[in-house]
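Visitor: Given these sequences and hints, build the entire structure.
So you can see what is in the structure, the chains are spelled out below.
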Amino acid sequence: MSNKYIGQSVTRLDARDKAMGRIKYTDDMCDKGALVIRVLHSTVANGIVKKIDTEEAEKIPGVVRVFTCFDLEEKHYYPTAGHPWSTDPAHQDIADRLIMTDRPLFYGDDIGAVVAEDEVAAAQAIRVLEKSVEYEELPFVLDAQEAMKEGAPQLHEKYPNNVLAHTEIHMGSVEEAIKEPGLTKVEGWYETQPVQHCHIENFICYAYGEGDRTVVVTSTQIPHIVRRVIGQALGMDWGKFRVIKPYVGGGFGNKQDVLYEPLCAWISIQLGGRLVKLDVPREDTFISNRIRHAIRYHITSWMRPDGSFAARTIKAWCNNGAYSSHGHAIAAKGLNAFPQLYPCDNIDGETWTVYTNRSVAGAMRGYGMPQASYAFECHAEDCARAMKMDPLEFRRKNLMPVGYYHAFSKNELYSDTFNQCFDKGAEIIGYYDKVKKYKNQTGDIRRGIAVSTFWYNTAVYPIALETSSCRIVMNQDGSVQFQLGETEIGQGADTAAAQMIAEELSIPVSMVHPVSCQDTDITPFGTGVYASRGTYTLGFSVRQTAMLLKEKILEAAHQFTRMPVYNLDLIDGKIVRTTDGRELMSIGDLALSKLYTTDGSQHLTAESTYQIKSNAYSFGCCFAEVEVDIPMCRVRLLNIVNVHDCGQVINPLLASGQVHGGQSMGIGYALSEKLMWDEKTGRPLNNNLLDYKLSSFMDHPRLNAAFVENYEPTSAYGTKGLGEPPACPVAPAIRNAIGAATGLYINELPLSPHTLFREFSDAGLINDPWRKEEQGKEGR
Amino acid sequence: MYDMKALYEAESVQDAVRLRLEHPDAQILAGGSDVLVQIREGRRAGAEFISIYMLDELRGVSIDEEENIRIGSLTSFSHITKDPIIQKYINVLGEAVDMVGGPQIRAIGTIGGNTCNGVTSADSASTLMAWDAVIELTGSEGTRRVPIKDFYIKAKVVDIRPDEIQTAILIPKESYENCFGHYIKYSMRNALDIATTGCSVNAVLSDDKKRFERVRIGYGVASPIPIRAYSAEEFIKGKEINEENIKEFALTVLQDVNPRDSWRAGKALRQHISVVMAERALKECVKLAGGEADE
Chain A
1 MSNKYIGQSV TRLDARDKAM GRIKYTDDMC DKGALVIRVL HSTVANGIVK
51 KIDTEEAEKI PGVVRVFTCF DLEEKHYYPT AGHPWSTDPA HQDIADRLIM
101 TDRPLFYGDD IGAVVAEDEV AAAQAIRVLE KSVEYEELPF VLDAQEAMKE
151 GAPQLHEKYP NNVLAHTEIH MGSVEEAIKE PGLTKVEGWY ETQPVQHCHI
201 ENFICYAYGE GDRTVVVTST QIPHIVRRVI GQALGMDWGK FRVIKPYVGG
251 GFGNKQDVLY EPLCAWISIQ LGGRLVKLDV PREDTFISNR IRHAIRYHIT
301 SWMRPDGSFA ARTIKAWCNN GAYSSHGHAI AAKGLNAFPQ LYPCDNIDGE
351 TWTVYTNRSV AGAMRGYGMP QASYAFECHA EDCARAMKMD PLEFRRKNLM
401 PVGYYHAFSK NELYSDTFNQ CFDKGAEIIG YYDKVKKYKN QTGDIRRGIA
451 VSTFWYNTAV YPIALETSSC RIVMNQDGSV QFQLGETEIG QGADTAAAQM
501 IAEELSIPVS MVHPVSCQDT DITPFGTGVY ASRGTYTLGF SVRQTAMLLK
551 EKILEAAHQF TRMPVYNLDL IDGKIVRTTD GRELMSIGDL ALSKLYTTDG
601 SQHLTAESTY QIKSNAYSFG CCFAEVEVDI PMCRVRLLNI VNVHDCGQVI
651 NPLLASGQVH GGQSMGIGYA LSEKLMWDEK TGRPLNNNLL DYKLSSFMDH
701 PRLNAAFVEN YEPTSAYGTK GLGEPPACPV APAIRNAIGA ATGLYINELP
751 LSPHTLFREF SDAGLINDPW RKEEQGKEGR
Chain B
781 MYDMKALYEA ESVQDAVRLR LEHPDAQILA GGSDVLVQIR EGRRAGAEFI
831 SIYMLDELRG VSIDEEENIR IGSLTSFSHI TKDPIIQKYI NVLGEAVDMV
881 GGPQIRAIGT IGGNTCNGVT SADSASTLMA WDAVIELTGS EGTRRVPIKD
931 FYIKAKVVDI RPDEIQTAIL IPKESYENCF GHYIKYSMRN ALDIATTGCS
981 VNAVLSDDKK RFERVRIGYG VASPIPIRAY SAEEFIKGKE INEENIKEFA
1031 LTVLQDVNPR DSWRAGKALR QHISVVMAER ALKECVKLAG GEADE
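Chains as they are written, first to last, in my numbering: chain A, 1 to 780; chain B, 781 to 1075.
Honestly, the hints are just simulated from the structure, not real lab data. What you are looking at is a predicted structure, and each value in this text was computed from that prediction instead of being measured. Don't be surprised by glycine CBs; every beta carbon is placed ideally from N, CA and C. It is possible that part of the hints are untrue.
Computed beta-carbon distance windows for the label pairs [said to hold, decoys possible]:
1) M20/A - K785/B: 30 to 40 Å
2) P804/B - G211/A: 49 to 59 Å
3) A887/B - P401/A: 30 to 40 Å
4) L548/A - R1044/B: 34 to 44 Å
5) E55/A - Y782/B: 53 to 63 Å
6) P942/B - E191/A: 51 to 61 Å
7) A887/B - N688/A: 48 to 58 Å
8) Y782/B - E134/A: 54 to 64 Å
9) K131/A - A786/B: 17 to 27 Å
Guide: And the structure:
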């Protein structure tokens, strides 16, 4: 396929409007007369709300209503995950939430809500209400493994020992395999921390009545799913709700959960359809939206003298927080990746998803793979070192081989992706020279370079439904509008789709216009964007629909050109007679003629659904070069290169931007970000952007993205997932580079000064004489 | 929207003094980069405020008739960094305040606000302490001057009387003459952060650049208010410039540095970094003064 528009760095279609401030986000669209909702959060980590005295709060000027958990007449428990619905109850998400609860399970759980005329009155009311709640406090537990112990506080009756789910994998026999003589055993614990998405646009939604329905406008990745969940949460027909999704200022998976849309819709209904807006303050996003799971891993490998794996085991404990959200899917993804990334005949693995009294963990860019990649790639590095092999060569030897076929997903590794990515990345960063150069350093400031890789796939087939629908409507001048269920959330989905349509219809991208805001009344059904699926899944329905439209265009052309359809084609905006290449008429003339003809007028439009029954591996690697200032306990990232094989790159500029964003999130994950709770009270400690150390522009070196483009054979346009993969390999690459610089390979995140100070002290890299004296004194 | 009970806009320094007396419960608002955040957090919600932000007479850097460097209290961080007088005589102050927040904060935040806040982590504070700055306050009975070490009373409390506003910060000539300084901010990220700890050192070397004639060292977040490490200053005074003396100087700071242990950072880390910063900052001062510090 020779491409004219695909593979070009077309300027994203919304770039100018965004730069000029003309784009309307949710808050821009809301009428300024909206009443303001603030959620009342629990200030205990586990307990029972006995009473909420609302009298004083209601007296505050500007306060309209105070709702509490006791105002819920019907309790409809609902699931929040942005998964496609399953008609099979066994595959449905756990329905464990209420829009307000009298049984708070974490500090920050939703126990009530204030409706006020403005934010000031709402904030005043919340401050008063927080002091007016009577709780019966219960013991709480914050750690996943502690929560599984006998006698630990129980969060949900149906899940004894707080285990939401436990799954295992077994291949061959580890017990037999480790009897082989001459094996080297490497064992490690790897600990990842909870972090938050920190998209620029906080979660926000508003609701109002229209006819006998409620309209909810929300900053979401998944408008059609939101409509379903509002119906479930309120115990009403799903069609009673219309959900509109405007432009979104980032989602990263947090907006792949239904957050406050049901509460907002419920409040609007209580107030007779009044316009109410719920704009979550930044501080609350850390507590009562979603976070990334902290997962603890234990991995053991037995290696033969040639560096191959004889047997491997993995155990993983996934801290899910107080409610199910995405359930076991995140832990399961990591466990299933384990035998695929480094195949071995003998593997035992198990993983637990565990409820704790912490903020709820859900989807966040990478869906369990940033955590798993950290564990896998720290461990791979440790194995290579134990075998005294070059870490890159060790990986080349042991990674998934070309031709690997995964029976369940039907994924296949068609190309030599790993080696191609390694070669390209190594050349860009100068890996081999620097490895030599940085050997045997001494002194306070040392440098190191290292690599890591990751496992990822595209879309959710065969675990869940994959469906995509597209509608294309042609105007009188031959330009088109298109609509898709795959949402634009900043990643550039609209632009990629426009390039595909331009390619298929052979018209310039400037004639292809996205209807960017999804509206469940208007937009064809779609489940939204998540799982790095957008460009892959929409490609199928876009191509199919554009082909349908093209068929109609050529049929119409037959009417005006008298030529048979099989001798006609659409080339560069012209109807061309293929037998001699003559341009017979322009697409604009054709569209105009077809609409206004008095003989068979027709509105040229096409719409179709494609159900996707394939998935695709999307692999790559990251090289990181660091400088470690040992006395200062600080790491400076000097250089970073990600190389991805996401198949055919639709838009190199947008793809690079996607990689840069993932690298940026990976840098914070590696070096500074960590959500913390007070062990004594369960209260979040750093739920603001000052104390939560999201990495800044000044903490980034130049970000380098490169691609290896192996055309994906299952894909409509040869493309596959790139949304999440860039965030996955960064932290382990940085960890391994710090190890290369200092000899200390640290198995936890983040590698902040706090962690480094402790590790450097323990290893004797820093030696404070006064601390020895103090410790000596204490000892006596 | 901010939860303010009232906002009084001062039209002159005298007007501000009058408003202070008329509204004893009102709080002073300068650039607002701290105060507005605290209103939003609820800490200052519902309070009365006297804004002095329009008082242009409190902006700018000059050399006064006593040859003090005079920094108007409303001078913004970004102004200070770019000011030629600052760059010539006390460049370290410009560098220190260039580490506050991000560009927007530095354009609105003022050095007066930074000191009147009374917080130990203020990026200007350790440098002003280390350069023996003098605070000028204006009240109904005219102006008075307070050495900065006395201006800080305890955490979040400074010596401003009920009728006063801070009008200038002065750096005396004997403080800045032949003096070279360096500030190290230790924070968890390189922008938009407050100091986990910070250290500002300045030195006057002997004419032959072989000895320390005078060294001063100030710390932020080493104690509830900004402090000086006098023991270390005393130790190094008159000593030869060499590795051993600089290391000993750095270790001596622990006699004065007493950081707290919190979830934000452990005491041991802060102590350790205090020593490393002292050594590195002093070496940098020697270099700036034209001496040689490394073996």
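Visitor: Next step is simple, just say for each hint if it's right about the structure.
Guide: These are the hints, each one checked on the structure:
Restraint check, M20/A to K785/B: a C-beta distance of roughly 38 Å satisfies the suggested window 30 to 40 Å. Checked against the hint of 49 to 59 Å, the C-beta distance between P804/B and G211/A comes to roughly 57 Å, which is consistent with it. At roughly 57 Å, the beta carbons of A887/B and P401/A sit outside the given window of 30 to 40 Å. For L548/A and R1044/B, the hinted distance range of 34 to 44 Å is not satisfied, since their beta carbons lie about 60 Å from each other.
For the pair E55/A and Y782/B, the supplied restraint of 53 to 63 Å is violated, since their beta-carbon distance comes to about 27 Å. For P942/B and E191/A, the Cβ-Cβ distance of about 53 Å falls inside the hinted range of 51 to 61 Å, so the restraint holds. For the hinted restraint 48 to 58 Å between A887/B and N688/A, the CB-CB distance of approximately 22 Å leaves it violated. Checked against the hint of 54 to 64 Å, the C-beta distance between Y782/B and E134/A comes to roughly 31 Å, which is inconsistent with it.
Roughly 25 Å separates the CB atoms of K131/A and A786/B, a value that falls within the hinted 17 to 27 Å.
Going through the hint list in order, the structure does not satisfy hints 3, 4, 5, 7, 8.
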